[in-house]
Amino acid sequence: QKEVEQDPGPLSVPEGAIVSLNCTYSNSAFQYFMWYRQYSRKGPELLMYTYSSGNKEDGRFTAQVDKSSKYISLFIRDSQPSDSATYLCAMEAGGGNKLTFGTGTQLKVEL
Amino acid sequence: NAGVTQTPKFRILKIGQSMTLQCTQDMNHNYMYWYRQDPGMGLKLIYYSVGAGITDKGEVPNGYNVSRSTTEDFPLRLELAAPSQTSVYFCASSNPDRGNGYTFGSGTRLTVV
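So the protein lines, in turn, are chains A and B.
Just so we're aligned, residue 1 is where the first sequence starts under my numbering, counting upward by one.
Just so we're aligned, residue 1 is where the second sequence starts under my numbering, counting upward by one.
Certain hints may be false.
[Stated by the list, open to error] Not close to chain A: a few residues of chain B, all C-beta gaps over 10 Å, as computed: (1) 45; (2) 73; (3) 101.
[Claimed, not checked] Per label pair, the in silico range of CB-to-CB distance: (4) A:14 <-> B:53: 51 to 61 Å; (5) A:40 <-> B:86: 30 to 40 Å; (6) A:54 <-> B:17: 48 to 58 Å; (7) A:54 <-> B:62: 11 to 21 Å.
Simulated from the structure, these hints should not be mistaken for laboratory data.
Ideal Cβ positions, reconstructed from N, Cα and C, are used throughout, including at glycine.
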């Protein structure tokens, strides 16, 4: 079993839809949770960062962490074609900044 | 502010050849990393460094070597290229303040034929 599981998609939604992206994990030591966005042929860029359980909102993006269920989510409201990218979840237990990444979910927002 | 710069962007190698992938960051980050990304496999950590003169193996270090003589530079060396090393390689850096996450370079696409 992989430490971090993420549905690879592809996920196709119409413009304006609410998008839900998810990851599950098995390592209960993970405390820091991140979402990265990666456009085609580019490096990943940090989108959201959350410590422990709870919600964090930034504009159209909301990150949720449920440590009891070992489940994290990223919600995108009013999705735009410019949101079309691969979204990677990442997690860290602490002490060394080494991240464990999910395989990424490919999202396409269509006009 | 350039961030993390990787060179070259593309390279084709023949089996058995060697090469060095260059990575430079100008953010004075102590931590630097090398990842490879294969389709459907996510990012796999090859090597990492927590400061000049200190390196350690990641998840998939075989066939690679690194050095960290300065804070800014973290080159990745492939000694005897194999087809299994065909991949996209990303260098990243970070500082101990976790809220900033990693800053990635734009990647090097390597094909071994």
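Results of checking the hints against the structure:
1. Listed as a non-interface residue, residue 45 of chain B fails to keep its Cβ farther than 10 Å from every Cβ of chain A; the least gap is roughly 7 Å.
2. Even its closest Cβ contact with chain A, about 18 Å, leaves residue 73 of chain B beyond 10 Å, as expected for a residue assigned away from the interface.
3. The claim that residue 101 of chain B is not at the interface with chain A is violated, since a C-beta of that chain comes within 10 Å of its own (minimum 4 Å).
4. Roughly 53 Å separates the CB atoms of residue 14 of chain A and residue 53 of chain B, a value that falls within the hinted 51 to 61 Å.
5. Under the hint 30 to 40 Å, the C-beta atoms of residue 40 of chain A and residue 86 of chain B, about 18 Å apart, miss the expected range.
6. As the Cβ distance of residue 54 of chain A to residue 17 of chain B is approximately 50 Å, the hint placing it in 48 to 58 Å holds.
7. With their beta carbons about 39 Å apart, residue 54 of chain A and residue 62 of chain B fall outside the hinted range of 11 to 21 Å.
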